[in-house]
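Generate the whole structure from the sequences, applying the supplied hints.
Chains as they are written, first to last, in my numbering: chain F, 2 to 333; chain W, 2 to 333.
Since the list gives no way to pick out one identical chain from another, each pair is judged satisfied if it fits inside one copy or across any two copies.
No farther apart than 27 Å at their CA atoms in a straight line, the calculated lysine-lysine pairs in the BS3-like style are these:
1) K11 x K321
2) K145 x K270
3) K270 x K168
4) K270 x K170
5) K214 x K64
6) K270 x K214
7) K15 x K64
8) K331 x K108
9) K145 x K214
10) K6 x K331
11) K64 x K6
In case anyone wonders, no lab produced these hints; they're calculated from the structure.
Protein chains: 2
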Amino acid sequence: MMINKQVLLKSRPKGWASEADFEILEAPVPKPAEGQVLVRNHWLSLDPYMRGRMNDAKSYAAKAEIGEVMIGGTVGEVVETHDASFKKGDFVVGMLGWQQFGVASGKALRVIDVKAAPAQAYLGAIGMPGVTAWIGLLTIAEPKPGETVVVSAASGAVGSVVGQLAKIKGARAVGIAGGAQKCRYVVEELGFDAGVDYKSPSFIADLEAATPKGVDVYFENVGGEVLEAVSRRFNFFARMPLCGLVSQYNEANPAGLRNLHAFLTNRVKLQGFIVSDRPELWPRALQELASWVGSGKIKYRETIAQGLENAPKAFIGMLKGENFGKQLVKLV
Amino acid sequence: MMINKQVLLKSRPKGWASEADFEILEAPVPKPAEGQVLVRNHWLSLDPYMRGRMNDAKSYAAKAEIGEVMIGGTVGEVVETHDASFKKGDFVVGMLGWQQFGVASGKALRVIDVKAAPAQAYLGAIGMPGVTAWIGLLTIAEPKPGETVVVSAASGAVGSVVGQLAKIKGARAVGIAGGAQKCRYVVEELGFDAGVDYKSPSFIADLEAATPKGVDVYFENVGGEVLEAVSRRFNFFARMPLCGLVSQYNEANPAGLRNLHAFLTNRVKLQGFIVSDRPELWPRALQELASWVGSGKIKYRETIAQGLENAPKAFIGMLKGENFGKQLVKLV
Chain F
2 MMINKQVLLK SRPKGWASEA DFEILEAPVP KPAEGQVLVR NHWLSLDPYM
52 RGRMNDAKSY AAKAEIGEVM IGGTVGEVVE THDASFKKGD FVVGMLGWQQ
102 FGVASGKALR VIDVKAAPAQ AYLGAIGMPG VTAWIGLLTI AEPKPGETVV
152 VSAASGAVGS VVGQLAKIKG ARAVGIAGGA QKCRYVVEEL GFDAGVDYKS
202 PSFIADLEAA TPKGVDVYFE NVGGEVLEAV SRRFNFFARM PLCGLVSQYN
252 EANPAGLRNL HAFLTNRVKL QGFIVSDRPE LWPRALQELA SWVGSGKIKY
302 RETIAQGLEN APKAFIGMLK GENFGKQLVK LV
Chain W
2 MMINKQVLLK SRPKGWASEA DFEILEAPVP KPAEGQVLVR NHWLSLDPYM
52 RGRMNDAKSY AAKAEIGEVM IGGTVGEVVE THDASFKKGD FVVGMLGWQQ
102 FGVASGKALR VIDVKAAPAQ AYLGAIGMPG VTAWIGLLTI AEPKPGETVV
152 VSAASGAVGS VVGQLAKIKG ARAVGIAGGA QKCRYVVEEL GFDAGVDYKS
202 PSFIADLEAA TPKGVDVYFE NVGGEVLEAV SRRFNFFARM PLCGLVSQYN
252 EANPAGLRNL HAFLTNRVKL QGFIVSDRPE LWPRALQELA SWVGSGKIKY
302 RETIAQGLEN APKAFIGMLK GENFGKQLVK LV
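What follows is the structure, given as structure tokens:
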């Protein structure tokens, strides 16, 4: 009998998640029912939103349950199908979770073209993170040519696409990231106009120098002190798509936003959003992203953990910013 | 020679404004130049935004200068005109400041119909505060029938119109105000569905009881603890027009917003706004407001201070919530 290694949620973390909050288990490979497809996962995506699902709190999506497989986006290969729209050997993207095999309704899977791009890119720049960047920047912030777009977690899966989309739209792109290496990367490899290191003692002055005309768009992934600093640079009518607050997810007392007054006097729009709220936009977003990735206008980098058993450690490292670009787990 | 009593800004307050920050002075009545109109002010409007203008900080409008007449909206009577579109005896609304007489370009004045409504109403429900409510609620929040609209400073010049507009649009209107008397007023006289007293020890529980289906729109005038409490009641896709933060204007360390996470998980839109940014909407807003005031669908209340010399005291009292409804100063 084939074995299906899985990572379950064992306990809900208080503060920082730890490896002890996960449990690794071996289960039988599940059997697909009528209309279902059995997939062997090749890649697991690790994303900051997963930390929120580990809490016992109202959120935009069902929380992960204790003793259940952790939720997560996957790319894999169809090994058995009871849905005629798939065939064995098809590569599909879905939400099959932290496990080696999964079954899902055919409706919850999408066939991908692994000749056009590497399979794992469908979990990154031409997947959920890319669409998140596309929706947040292009439908909420709508940057105009010459405006200044700042994005935090700029070398990450979402942030790196945000800055490159800003450049495509003719805006100035400023990325905030942790450490000189990531800041150099967003400028030298991704083509941002500036990279600002939030860990540097000169962060405030560096941010000011990088935004000489103020900030028109702030694509927010992190919260905390970075948000405070950027909010002091807002121009009138600035827009702030609120995508994540990763610096706060493990804090018992989140920092919030001290400088609310800046939102009033500058007439700023803040809009929380979740990529799954706008399914009607996905086809167009994916098509544009794939074309820009194909033409080299959107580049990306990956950090790859080997083997499912390393997923918890890689996930915790990602929350601390130890990854560089899209964090993946290679399962095969 | 006729005397023009004026109130000047004497010093920029640190924390709470005090009467010592103002100076009362007598000057000659100014002479209108070509294209200008001399107006004898009958009514001066006192509004929370004026506190911001007293600071030496970037804001949406020019700050008040030390030694200059305090800015403010006025209604008065034309006494001399060098602009042919006005005649002596016309009543006009303008921004002539805290003084008995003022000159302005005819372009900065608008003739009002004092037979259709009392002159001072053009500083309230059918003036800037009414248009503020109209723009914030109807163009930013866009409440749908059956949704729950919460407004703070609910018995004030803006808040009272917000709640009544919400009712006109078929929404549930919940007003937050200070003290049982104001809470009774918004329900019994203005027709809100509930009034919640933020000074009551049971405020949190009362707010919960008044919003059994959560909060879809929060029209924010005050900030601080009231904002924290309402943010815990947000429904998915709630909207928060940010009109003012009056509880914070005199604080050296404003409270900000601790519960930023609620804006992410509930996909809330927060939009700072200033009524003067949308001049193109004023004619329609004023027309609708005048019609609803005329038909009794929008009611209002006024607190009237007598004489310009009492303006500083009335202004400070308003910032503390001592007024009831629109705060005015009667000058004639």
